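Chemist: Start from the sequences, fold in the hints, and give me the full structure.
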Amino acid sequence: MTDQITRRVFLRRAAAGGSILTVPGLLAACGGGSSSPSAGGGDTVPHKLAKTLHFSNWPLYIDKKGNTHPTLEQFQKKYGVHVDYSEDINDNASFFSKIEPNLSRGQSTGRDLIVMTDNSRYPALLVQKGWVEKLDKTAIPNIKNLIPQQRHPSWDPNRDYSLPWQSGFTGIGWNEKLTDPVVSMGQLLGSPKLKGKVGLLTEFSDTMCLVMAYNGDDPSHITDKTFNKAIDTIQKAVHSGQIRQFYGNDYASALSNGDLTATMAWSGDIVQLHADNPHLNWQQPLTGGDIWTDNMLIPKGGNVYTASVYMNFVYDPKIAAQIEDYVNYVCPVLGAKAVLLKQDPAVAKNTLIFPTKKQLDMAHTIDPTALNNEKYQTAWQNLISA
Amino acid sequence: MGFFHRHRGATPYLLLAPGMLWLGIFFLIPLGFLVYQSLQSGNIDFGFHFTWAFGNYWSALKGYRGEFERSFIYAGLATVIALVVSYPVTYWIAFRGGRWKNLLLLFIVAPFFVTYLIRTLAWQTILADHGLVVRTLIYLHLVSSGGRILATGTAVVAGITYNFLPFMALPLYVSLEQIDPTLIEAAEDLYASKWRAFLKVTFPLSLPGVVAGTLLTFIPAAGDFINATLLGSPTTHMIGNVINSKFNDLIDYPAAAAMSFILMAIIVVMVLLYARAVGSENLTG
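Going down the list, the protein sequences come from chains D and A. Residues in the first sequence are numbered consecutively from 21, following our numbering. Residues in the second sequence are numbered consecutively from 713, following our numbering.
For the record, the hints were derived by calculation from the structure and aren't laboratory data. Please read these numbers as outputs of a predicted model, since none were measured by experiment. Virtual Cβ for every residue (Gly too), placed ideally from N, Cα, C. Warning: the hint list may mix true and false statements.
Unchecked claim - Beta-carbon label-pair distances, calculated as ranges:
#1 754(A) to 241(D): 24 to 30 Å
#2 990(A) to 252(D): 46 to 52 Å
#3 778(A) to 212(D): 21 to 27 Å
#4 127(D) to 778(A): 37 to 43 Å
What the hints assert, rightly or not - Restricting the straight-line Cα-Cα distance to at most 30 Å, the calculated cross-link-like pairs of lysine-lysine (BS3-like) are:
#5 164(D) to 97(D)
#6 157(D) to 213(D)
#7 357(D) to 157(D)
#8 154(D) to 320(D)
#9 84(D) to 157(D)
#10 149(D) to 118(D)
#11 164(D) to 118(D)
#12 395(D) to 774(A)
#13 164(D) to 98(D)
#14 245(D) to 774(A)
#15 774(A) to 256(D)
#16 68(D) to 320(D)
#17 97(D) to 362(D)
#18 118(D) to 774(A)
#19 774(A) to 249(D)
Modeler: Have a look at this one:
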């Protein structure tokens with residue numbers, strides 16, 4: 021096993037040397053350098069705060085004021101810990117492959133906190149491989165504020181390794197200046213008016229859930245037949261030129277600059293983009309969208325205590341309310357709604373943040389066994405990259 | 713009595729040693745690992761094991777023939793366009809540039825001061841559907857109304873051409889610049905027309921530059937995936953995109969290694985055929 025890892029590492033290095041100019045190379049270079057202790061962190065957790073918390077997150081995913089992030093500034097003020105915040109997660113698969121070489125070698129990734137989605141295979145894989153640190157729950161009394169329905173996910177039943185950052189819906193976003201409302205997957209995948217102006221997501225679960233629901237199949241119980249049918253549906257749209265590209269979080273800029281007229285989109289993004297471009301809209305497709313949860317995890321070698329203190333900080337309902345007020349995703353923290361009702365009642369009544377039962381019923385979740393089905397994953401990657 | 717004098721027979725080998733060592737460590741050994749990895753089977757969960765899995769090669773060729781072909785077509789088109797664009801420019805600089813030669817050359821190289829990624833991203837903005845370029849082309853009826861350039865094969869080929877143009881232009885310039893103008897005058901004195909003098913004297917003498925330029929452009933262009941990622945669509949992906957997805961998204965190292973090796977093998981064969989066709993002395997100048 022060890023010598024096989026060495027070989028993989030060697031190839032990785034050879035590849036890195038030869039691809040200085042590639043995107044992953046550039047991004048990896050940005051993530052380098054860390055003041056957190058190196059790998060292998062034992063069972064004894066030092067209760068001392070690091071100077072810097074290295075936090076990797078998705079774009080458009082924390083409150084922002086001008087060029088600063090108030091939540092992170094308040095954290096620094098309270099604890100003296102500077103947060104080195106990078107928005108370097110564009111999709112789950114490519115982020116995982118960015119940190120995998122370090123983790124498989126038992127080295128630190130240079131990050132103390134990362135955020136990955138439960139509708140991908142990766143949070144479960146990280147736990148199962150022992151590549152994430154156990155939370156220091158003594159530093160997280162606010163864990164009591166976690167909403168009950170999020171307390172026992174199957175891949176981390178006691179929340180020993182993870183805490184939700186946000187949840188969200190996947191649906192359809194469109195630019196009303198360029199098109200009439202796009203409210204069904206049928207329109208998105210077939211309307212000639214949208215030809216070449218439609219984006220789908222590179223995330224397996226998001227696209228599969230919406231397309232299967234459109235096909236009338238159940239995404240939470242995937243069979244070869246329903247899977248192939250969904251792949252066929254998407255393939256047809258790709259071949260006809262309907263689909264412009266498969267996107268990670270970068271669909272956001274293409275939608276705001278008009279290269280995309282309509283696209284599969286994550287609920288909160290559109291609400292945020294609305295500030296710059298009031299013509300953007302979002303809706304769950306008539307046949308249903310999907311719901312997912314992004315989870316904070318401490319990759320092996322990250323500073324457990326500092327990251328746990330940070331988690332505790334954002335599970336304070338006041339801070340959670342402040343983040344929600346900006347990001348507009350589904351809030352996992354009890355009490356945030358009460359705070360918002362006082363501060364910003366419009367947001368508290370926004371059903372994208374505190375969804376109604378009907379919305380939750382319309383939101384599908386993916387069959388978790390499909391995430392680890394190599395045949396499905398290969399077929400999916402072939403579809404989006406070939 | 714110097715060391716090299718006493719070991720006269722060994723001198724060439726000693727002088728070659730550093731280069732050979734470099735090649736060995738940074739090319740041959742990694743290449744060996746690449747082949748070794750390409751014959752493994754397994755997955756990220758249970759690890760990869762060497763099993764002489766030649767099937768990786770067959771499934772790569774069978775499953776991704778279209779992407780291989782597209783890579784070579786795009787790279788070939790980009791190489792030809794880059795040659796056609798840069799030959800007149802460098803010709804003019806070499807023979808008519810006078811004291812402005814260096815400045816003019818700088819203009820060709822100047823875009824290289826900006827990183828590859830940013831230059832390609834800039835094309836996203838330049839070619840955007842609602843941008844000036846596309847609107848002008850629609851106005852001139854060169855693009856159908858509601859048509860686009862971004863996210864098409866045209867944009868990918870244009871991006872590759874643009875990004876690799878200096879690799880074509882600089883070697884061309886070097887060989888054109890070295891041509892003794894008196895040879896062309898002599899041809900004209902012997903009643904050759906300007907065109908004939910170009911075909912019989914200038915062009916043959918510039919061949920080493922043409923060969924070097926086409927190789928330097930074609931080889932990296934065939935393996936490129938950034939242009940197809942940023943400027944293309946799912947129907948314009950090249951083999952580099954597939955290798956990237958196998959390596960980075962599926963974490964299927966053996967398949968990625970097999971494809972890289974196939975790509976390399978095809979390029980080597982093409983270079984050999986090319987060298988035969990134009991004469992190997994033109995390869996080395």
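Chemist: Next step is simple, just say for each hint if it's right about the structure.
Modeler: Status of the hints after comparison with the structure:
Here the CB-CB span from residue 754(A) to residue 241(D) is close to 29 Å, well matched to the stated 24 to 30 Å. Distance hint for residue 990(A) and residue 252(D): a CB-CB separation of about 47 Å, consistent with the stated range 46 to 52 Å. Look at residue 778(A) against residue 212(D): about 25 Å separates their beta carbons, and that is inside 21 to 27 Å. A C-beta distance of roughly 38 Å is found between residue 127(D) and residue 778(A), which places it inside the suggested range of 37 to 43 Å.
Restraint check: the Cα-Cα separation between residue 164(D) and residue 97(D) comes to about 24 Å, which is no more than 30 Å; the hinted pair holds. Note on residue 157(D) and residue 213(D): the hinted pairing is violated, with a Cα-Cα distance of about 53 Å set against a maximum of 30 Å. Taking the CA atoms of residue 357(D) and residue 157(D), the gap is near 24 Å; set against the 30 Å cutoff, the hint holds. As the CA atoms of residue 154(D) and residue 320(D) are separated by approximately 9 Å, the hinted pair is consistent with the 30 Å bound.
For the hint pairing residue 84(D) with residue 157(D), the CA-to-CA distance comes to about 28 Å; that is within 30 Å, so the pair holds. Between residue 149(D) and residue 118(D) the alpha-carbon distance is near 16 Å, which keeps this suggested pair within the 30 Å criterion. Of the pairs offered as hints, the one joining residue 164(D) and residue 118(D) is violated, with about 33 Å between alpha carbons and a cut-off of 30 Å exceeded. Between residue 395(D) and residue 774(A) the alpha-carbon distance is near 17 Å, which keeps this suggested pair within the 30 Å criterion.
Of the supplied pair hints, the one linking residue 164(D) and residue 98(D) holds, its CA atoms being roughly 21 Å apart against a limit of 30 Å. Taken as a hint, the residue 245(D) and residue 774(A) pair is honoured in the structure, with Cα atoms around 24 Å apart against an allowance of 30 Å. Proposed proximity of residue 774(A) and residue 256(D) is supported: the alpha carbons are some 21 Å apart, at most 30 Å. At roughly 18 Å between alpha-carbon atoms, residue 68(D) and residue 320(D) fall within 30 Å of each other, so this suggested pair holds.
Distance restraint check for residue 97(D) and residue 362(D): the Cα-Cα separation of roughly 25 Å lies within the 30 Å cut-off, and the hinted pair is therefore satisfied. Between residue 118(D) and residue 774(A), the direct Cα distance comes to roughly 29 Å. Compliance with the 30 Å bound is thereby established for this hinted pair. Using a Cα cut-off of 30 Å, the hinted pair residue 774(A) and residue 249(D) holds, with the two alpha carbons roughly 23 Å apart.
Hint violations for this structure: numbers 6, 11, all remaining hints satisfied.
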